[in-house]
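> Given the structure of chain A, go ahead and fit chain B onto it with the hints provided.
Read off the chains here:
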Amino acid sequence: MLVRMKYQYPIIKGETVQFKELKLARAKKIALATLEHPYCINDSICFVSREDGAEIILVTFDNEIPDSPINGIQVFEDVAIICYKEDKCFPEVYALRDDFNGGLPHTNARPFEHPVNLCVTEQLFEEVKHKFNAFEFIELIRRWFSLSSEGILHQENQPLESFFYTKGYIIIPANSSPKDFNFLRKIGNSMLYSLSKEPTGEYPFSLISFKADAQVHGFIRREPVRISDLDEVVRLKEVPFSEAVLKLFNDILSRFTASEAFFKCNFAFHCEIPVLRNYKDKSPSGLKNLFFLTQQSYMDIGLKSGCIGEAEGNYSILIPRKFDLNIIKDTPIVLFSPLIDFSPASAALLNNIKPNNLNLLLVGAGALGSQVLSVFSRLGFGKWTVIDHDFMLPHNLAKHALNRKDIGFNKATKISEEVNELLGEEVVKPIEKNFLELVKDKEFDEIIAKPEVIIDMSTSIAVARKISRDIDKESDKPRISAFLNPIGTDLVVLAEDEKRTHRLDFLEMQYYRCIFNEKKLHDHLRINDSDKIRYNRNSCRDITNKINQTDVAIHASICAKSLKKIIEEGNSYLSIWSVNNDTHEVNHFSFEPSKWIVKKLDNWEICIDEWLVQKMIAYRSKKLPKETGGILIGSIDTERNILYLIDTIIAPADSVENSTSFVRGTQGLLEEYNLYQEVTDSQVNYLGEWHSHPQGCSINPSKLDNVLFHYLSEQLEHQGLPVVMCIIGDNGFSLIFKT
Amino acid sequence: MSNKHFIKYYPVDNADTSLIKLSDKATIQVDCQIREGDENSDGVKIYDVKKDILKELQKDSNENPYLDLFVLSHPHKDHCAGFEGNYYCGDPDDYSDDNRDNDEIIIGELWVTQMVFGNHICEEAKPIRKEAKRRRKLFEDNPEEADKQGNRLHIIGYNDNDKVVDGLHYIPGESIEKINGEENDFASFFIHAPFKSDLISGKADKDHNATSIVFQLSLKTEINGEIKSKAMFGGDADHYIWEKIKTISENNDNQKKLKWNLFLAPHHCSWSFFNDRSYDDNKEPKDYSLEILDYGESNAHVIASSIKIKNEKPNPPHFPAKEEYVKKVGSGYFRNTAKNKSEKAPKPLEFEISDGGTKLKKVAASAATGVINTPTPRAG
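Chains as they are written, first to last, in the working numbering: chain A, 1 to 739; chain B, 1 to 380.
Just so you know, these hints were derived from the structure itself, not from any lab.
Incorrect hints may have been included.
Which chain A residues stay away from chain B? Per the calculated CB distances, all over 10 Å, these [stated by the list, open to error]:
id: 1; residue: G188
id: 2; residue: D472
id: 3; residue: I558
Facing chain A, according to a computed beta carbon distance under 7 Å, are these residues of chain B, among others [unchecked claim]:
id: 4; residue: N3
id: 5; residue: G85
id: 6; residue: K308
id: 7; residue: K310
id: 8; residue: T358
id: 9; residue: A364
Think of the CB as a built atom: it goes at the ideal place given N, C-alpha and C, for glycine as much as any other residue.
Just chain B, same shape as in the assembly:
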């Protein structure tokens, strides 16, 4: 029986929420948008992201759910909405019955950028800032305690003094195989960004998107085996960042770190990956952006985590961006989270990574299963 991993991209409108679950049960979440309510403003049913994530998580010895790693690509609302109240903040030893009743998820290890410590962040990101600060202080005061589940922190990229602290920072060019304090047999992260130059205070505060964590996640299905799949995550990084990533990787003979089987279309399928916005003023996609797409393996998928892509405003998502992606991968391999299974009640796009490679799961449940799996309306 081969090891199987999966990656889920949740339908969260113009936002990102992705969950990676490895065959050893380790879980990694990239960004979050957890919303209240039944429907969005377009009448599309809101998928219960929290419920699904909880289903996938392991529980610790106290029966509390935990993620091994949470990656906040950048502190924007559409990448951290609903963090507060759904993810536990504070000393893990203080996790209370109230937290448990609320199914608050303990984050084994947290990845953020220096930007999260800044003043100019959205309300939704502030609880993450508080938690990151707690963990950073713990790292400074009590490194042993800081290396325990629920306290681990890594800052991706340089700090505001262009420095790195050993054991605290991971910087572009590094490969990380450790997740939540344990060497992982199957997953490896290659950090592409954020670059030092983009984290310069002032410039960065103006453009958080440019400070997004960009990484390539490589997955193996056998210990010491070959890489079976590569997933590229880049938050809202724009074409300038991707150009830099491409140039630096190629200059360092690191082309393999640019390869992908899954590519999360940056900034919710925004034109900003291809050129400056607005689209009407910059209709030509940049060559380097197209060349980034050429690093896609055969039958690789592009995932647009956005509302349904229409040829109209508002955007993102940009219809021309979709067209560029489709030109590269074909319509069967461009997938929009808003359309999976149903446009009225979309379900997560789930990719399975096995010995055979990467496969989009397309499970259609029978009607009976659907009914059984759903609470019935109240009977009179």
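Next up, chain A with everything else stripped away, as it sits in the complex:
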């Protein structure tokens, strides 16, 4: 049966036409697609030309639905597809059946309940117009029926209600209710309004909030155009909405003052409606905020009702008259939708990440720190404390997240203001102090003890060492250090695991070895003088490097991404990312954090990387039955009496290796050592010697060894350097140490 014969809706009224009489290209294409489609019932299809030039395809769809469909979807559904002359939007799709369920998800509310307008696509028409395909459009409609029949069209993160052609939006701050505000303030030239306590800006609206009775979702089935249209769906303690407005208007009539903005401004209503998922539910699953704006003020309605009088510009209350219910009922309204303001929660949602409110401490709000924090703020990730004593200077603008207006102000304070403004709440707390100069007092305890992770982006080794070694009592939480290499092309991230097994200072030491052992990173710490800018400010050390903002921006994003992963997973991490300036590729170098052995000798901590021990053991095995050896390379922290042994340069070719002795040669050794120093920017030094003992011998020093050690001490101690000797044997290793 022709669909046309079954329905009398005004929107499909018009002249029945043949396919060849259709004029609109869009309608013709859709008509043809329905005629050719295997699941459009052929003898149902007919076409209508409306007076306004719109053309309508009426068709019965044969839907793919389960044997127990939900939402009342049926196997055959009659549909009207309306194409407009202007062709500026998708053709409208209406489900025609007069008992088709209203208020389903993905329907658009119209001023009538039936037919029901289906929202078949979320795409913007202008974006896909060029590739519009009538067959695919038909498939979208079929998909709508099919998924709705299984209740899976609607996704979890989408609102439950049908959609309106909203005329504008009201921005609601994340942590407050519209009930706390009295006015709407227009923002710019848009149809956006913000909530306000005072009547500010152009054309403000007075706002009245109502808390309405709970409704089952899908309660709005048609778009309201006047106050009386709300009576069915918005009730206050069972009183219809217009009557509630009448009562309120009458109640405040005695307070009426013509000069008061509240009475002069046009009215907007806010209704907070608890929404139940099902009729039987006792508690609501959410709150729906609806806004209805009028083009009338309280005074206008009072004048019309005759309860307010006007004479020569003076207004007065005309007691005992009251507001007229019919005038209130007939007051036109326009629907505005709420928009939840940008907040950490919505930022996380929009960035498709899990919300995270962990307390995090950031030391250093320089170029990298500020840009990483900026990325994190837009992700809505973390609650931050930022420590930095530095002030914004003009040259910082090249690579800092802050702006010209911030010059002269503390970086921590300004970046905090920026982020808090962006997110509409305080997520960053600044501390204008030099971390190295923080005194261990109550405030210090609070700063250090609270954060779940301590992140150093100060590009200061001193800071990294301090957070690694000097605040263990105050915090047992993991530390992370992130920094750029001197020319900004490489990013380094060193992260402790949750249990702090791989400590930051160990990771730093391993990092030096890694950049030496990975030839591609040999230029990582190198910098030419031409890459520095020297300032005549306070001292000759007042320099900065010529780092390119493109590198900082790339690395800030990578850094934020990797920090997020580290914070969420709690694993240790040693990674370097390097931007190739020719191809702009980013190479990633990842190294497994190694284990360290710590020995206390002579009031010093001797830390030796297990990797190094294994390297020496392997080399001994290779040379057995002869002895062998090499020089020990590492770093000294004289402030904390820590000696880190990280690597060895093994026996040069001219070494004398016998079964009972070993004389370390020199051939090429200095060149190799110098290269090590160059590559690591002199962060590692010569620390002593190691050699192996044959099988069956102890790892205690022999007489010859004692002579050697004495020799080494003599050579080094006059420069105040400690000396270490390591012996590798069957039973591991022994260390001889002297400061």
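Here is chain B on its own, set in the frame of chain A:
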């Protein structure tokens, strides 16, 4: 992810070919009509059933395609045409390269009735008789070998001596959960027919239709879960058989075995399900036939495996039969294999069984997909 099974009813004119594929990939075919040529006598494109079935089948360790179970409802041409040459007959160990080149399908387990061993069967059924005999002999001589893929046989109903042999026969009233030697987690067959009385030699030879295997296939989507769908297959069984099925099931308090979500209209939508033929002499449908239809669950489908149903001869399919079915299930739930997607080139009716129940798939491929999926005509 829920387990999904599907049942396909192929467009094979007035004949039956159905394929069930379970989520564990086990495959069951009920009857076959595999035809040569491009079009039938009415100019309707012949669907390539073999190609589609091969696409759905698993392959054994030798890369040979196999069905887990083939059910021959009764040995009539429209239920076994094309068996020879498309399904492998013989010792599976002898499957040769020639068989492989010919894509011959190994039948893991074969179900037939006693009728297939008779003399009065059509030419098309004779290869099945030969294969069934081979398997039966193997069962008698070497039961261990007979319980291997490609050798398994079950005879549905009694034999010609009204006897059953343990391990060889399944009889009405039995529920079968074993497919191709393995207990299946999802599928269960309830055997309704053929009845002993209808298999009596002489009577049965005259009316093979009355000896059709009738069974209800129940499908679950979870191990030990609830039944999500029931499909009724009954070959060409007529209303007398269905009356018996109904009476016996009800008397045994087995009403649930009469329930269905999918009902393959017997004998290609013939009036014989409702009353004796001809229709003109017996226009009133029998109450019990209508009551069988009342066992349909809500929004259950009736499938007419036939040519397009017109209100004219020849029949089956009978237009009045269609009308009776439509009265029960509604026009949206009565589906004719000859009309799915296109009357000129119909495609199989494919039902998906999932946690949500039974759903007829209605996939409309884009034109581009259609072109890509089809060999182009020869270019000059």
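> Hint by hint, say whether it matches the structure.
Status of the hints after comparison with the structure:
1. G188: At roughly 44 Å from the nearest Cβ of chain B, G188(A) sits farther out than 10 Å, so the non-interface label holds.
2. D472: holds (49 Å)
3. I558: It holds; I558(A) is separated from chain B by about 35 Å at its closest Cβ, greater than 10 Å.
4. N3: Violated: closest Cβ of chain A sits about 15 Å from N3(B), beyond 7 Å.
5. G85: With Cβ-Cβ at 32 Å, over 7 Å, it is violated.
6. K308: violated (14 Å)
7. K310: Violated. Min distance 15 Å.
8. T358: holds (5 Å)
9. A364: Check passed: Cβ of A364(B) comes within 5 Å of chain A, closer than 7 Å.
Hint compliance for this structure: hints 4, 5, 6 and 7 are broken, all remaining hints hold.
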